[in-house]
Amino acid sequence: MQVNYYNINGIVKFALRGSKNFTESLRYSNYLVDYLGEDELDFTINLNKFDPNLENCSILEDNYYVKKNYLYCKKESYKALKWEIEFNNLETPHIKVNLNIKSSLKLKVFYILLEGLLIDPLIHYCLSKKSSCLMHASCVDLNNSGLVFVARGGAGKTSISTNLIKKGFNFVSDNYTIVKDGKGIGFVEPLNIFTYNVSNIKNGLKKSKKLELLAKNLIFKLSNGYIKVFTRIKPMDLFNDKIEKETEIKSIFLIIPKENLDKIMFSKISKRELVDHIYFNQKMEFPYFDRYITYYSYLFSENEVSGHWLKYKNGLYTNLNDGINFYRIDVPTKYNKKTFDDILKVVENERSPQL
Amino acid sequence: MKMKEVLNYNIHNILKISLEKEKNFDLMRGLDLEMSFFRVNEEIKDPDIIIKLGEFQPSNEDCYVVDHKYHIKENYIYCKDSADNLNWEIEIFGFENGKSIVNYNYNSFGVNNLISKFNFETVFLRPLIYCKLKEKKYFMVHGGSITFKDDAFLLSGCGGSYKTSIIMDLLKKSDFKYMGDDWAILHKEEDSIKVFSFPAHFKLFNYVFNNKKDENLTFVDKVKFIKSLWKKENSENVQVNDSGELKGIIFLNKSNSGDFCFGTLDLDDAINRLINNTKLEMNSDSVPMSGFSLNPLYRYITAYSYVFPDSNMAKLWKTLEDDLKEILNNFNFYELEIPDNYSSHVSDSIVDFIGGGCI
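These protein sequence lines map, in sequence, to chains A and B.
Mapping to my numbering: the first sequence position 230 is 230, numbers consecutive.
Mapping to my numbering: the second sequence position 347 is 1347, numbers consecutive.
Incorrect hints may appear among the rest.
[Said to hold, decoys possible] Here are the simulated SDA-like cross-link-like pairs (lysine to any residue), alpha carbons at most 20 Å apart as the crow flies:
| # | chain 1 | residue 1 | chain 2 | residue 2 |
| --- | --- | --- | --- | --- |
| 1 | A | K311 | B | E1061 |
| 2 | A | K283 | B | S1311 |
| 3 | A | K75 | B | I1050 |
| 4 | A | K67 | B | L1294 |
[Said to hold, decoys possible] Every beta carbon over 10 Å from chain A, so not counted as near; a handful from chain B, in silico:
| # | residue |
| --- | --- |
| 5 | R1039 |
| 6 | N1087 |
| 7 | V1220 |
| 8 | K1254 |
| 9 | S1344 |
Just so you know, these hints were derived from the structure itself, not from any lab.
All values derive from a computational prediction rather than experimental measurement.
Ideal placement from N, C-alpha and C gives every residue a C-beta, glycine not left out.
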């Protein structure tokens, strides 16, 4: 058993306790710190067997046990990963989570899955509590002027930002960007690379990473899409001297792929429209967490947990300054050189209503 | 050319559904469990939902694509999907309003074929019915419903809150009649709220009511039930009351605190429970043997809302809240905390509560 502490840009602080595979998370390695006190922590996750505190609970669907400040889920699964989970102190500043993997095999990939299924949403939740917002978006910077690309998976966040970095922009974030007071703050995780978003960085990859990518694509095809494992590359290894911690957001682009488009379609949108898209994007991103919130809210309305999504939406309105420009770009489902050139024209000019 | 057959369903003349499938040897034929109560022999004109089972060519050109998977355009979604051993593709025209046409194809055999069939009814069809009824200002709520001397009462609760056991016990007492043990439909009439029956899984309820003391079925019970369906054994049908005027809503809360007590809820808490209960039921992992940890249709709704955040679908829960507040305003709501070891003492108390004029 070991414990590691992480400090995400001084905003959210958490501890992971358990086996080395879990606590030494590659995803958050950029934020590893020596120590954080109990009072500083926003959440702690203990990965181990535990005895749930089930006294005086309401029982929902014979699987969820709920009382004030508390939620326990007896069994949950995602593909081969099975777990039980207990949230203590839900409505307090320091949420304490007990987690037990119930799958008989303890595969390393499970720990990676747990980052996306559980830790990312908790970071998202705690950021929102602290009046910041996590967006499913990449971010690049040029002379402290930031461009943010909001999109669902596979829509081109990584491809667009890596293409712009090739053209002289600095890297801020790849998958998630924190927004606070009009600033885009980097949430530096490894880039999740698959065959469809590798083209711009292929030359910078080591041979071993290229082979890893090919092997994972083969597994993806052989498993008929069931096993999709990204190749993870640390941004520092690719853009070492071109990383900015934060940037003043100048423009945000919503990217949505559309079939049978031969050129990109570009339009200005309102802040409200963009916020609505970001809101549903985030809900799609954290479905298990969303369901935990719903179970708790079923019994306890009018509290920090049940009001989370409204707070998140309001937080986006507040943190996205009025001076920011909001655009929507419909893009072809497969990018080619012309697509990148057209997007580049848009982000450089921001003036053509339709290219 | 393969022969086709059409099965028709009519939900109280409010919503009509037709299901078109290839007429072939099908071991699972007759196991239309969820909707069997609403099956009608006569042809249905102008159905609200048309379902076509079997291979199809999707019309997914010019769609927005979300997560490389969901193909979405206005009022339309197509998706090729899988969960554990199940693979299916589904296409829905009229996804958010108007008449719906659903193409559904699954490729599975043996037990998986049976699961795919259940899945379609519970995972896809039920939420679709929910949305279509809502469009017509009829609201499905997750709860058992009964009538007592022609007044209707709703017993709302999450899965596992003993709705079925309580309804079974109440039916053994005089003056109670069955309307459903899982879902009910509410509709505002001029000065009252009308409840329409929705006896989902009616064959199963009949079997349990006639053969079991409580709702818990062992594996052997389930096998016996399926055998009775194959053999078309007729057990005496529970009499169903089609509708009644809503007099009270009791929220069931199963708890291990040992308490057994009645309380009240205000309008906001009651609406919160009704909406979250529906969300959870739509997004439940309780589809038997399915391997679904999250309901696919719930994901489709969220993906559609992401592309069209101004759509009816994106505003589903908000408009539901407004609608329910409007129709349930000035109504009294009760909560009954039930111990986790159920006894008929619970239904006795409900009889006293209802019959004693507490509501």
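Taking the hints in turn, this is what the structure says about them:
no.	hint	in the structure
1	A:K311 / B:E1061	violated (37 Å)
2	A:K283 / B:S1311	holds (16 Å)
3	A:K75 / B:I1050	violated (36 Å)
4	A:K67 / B:L1294	violated (23 Å)
5	R1039	holds (29 Å)
6	N1087	violated (8 Å)
7	V1220	holds (20 Å)
8	K1254	violated (5 Å)
9	S1344	holds (19 Å)
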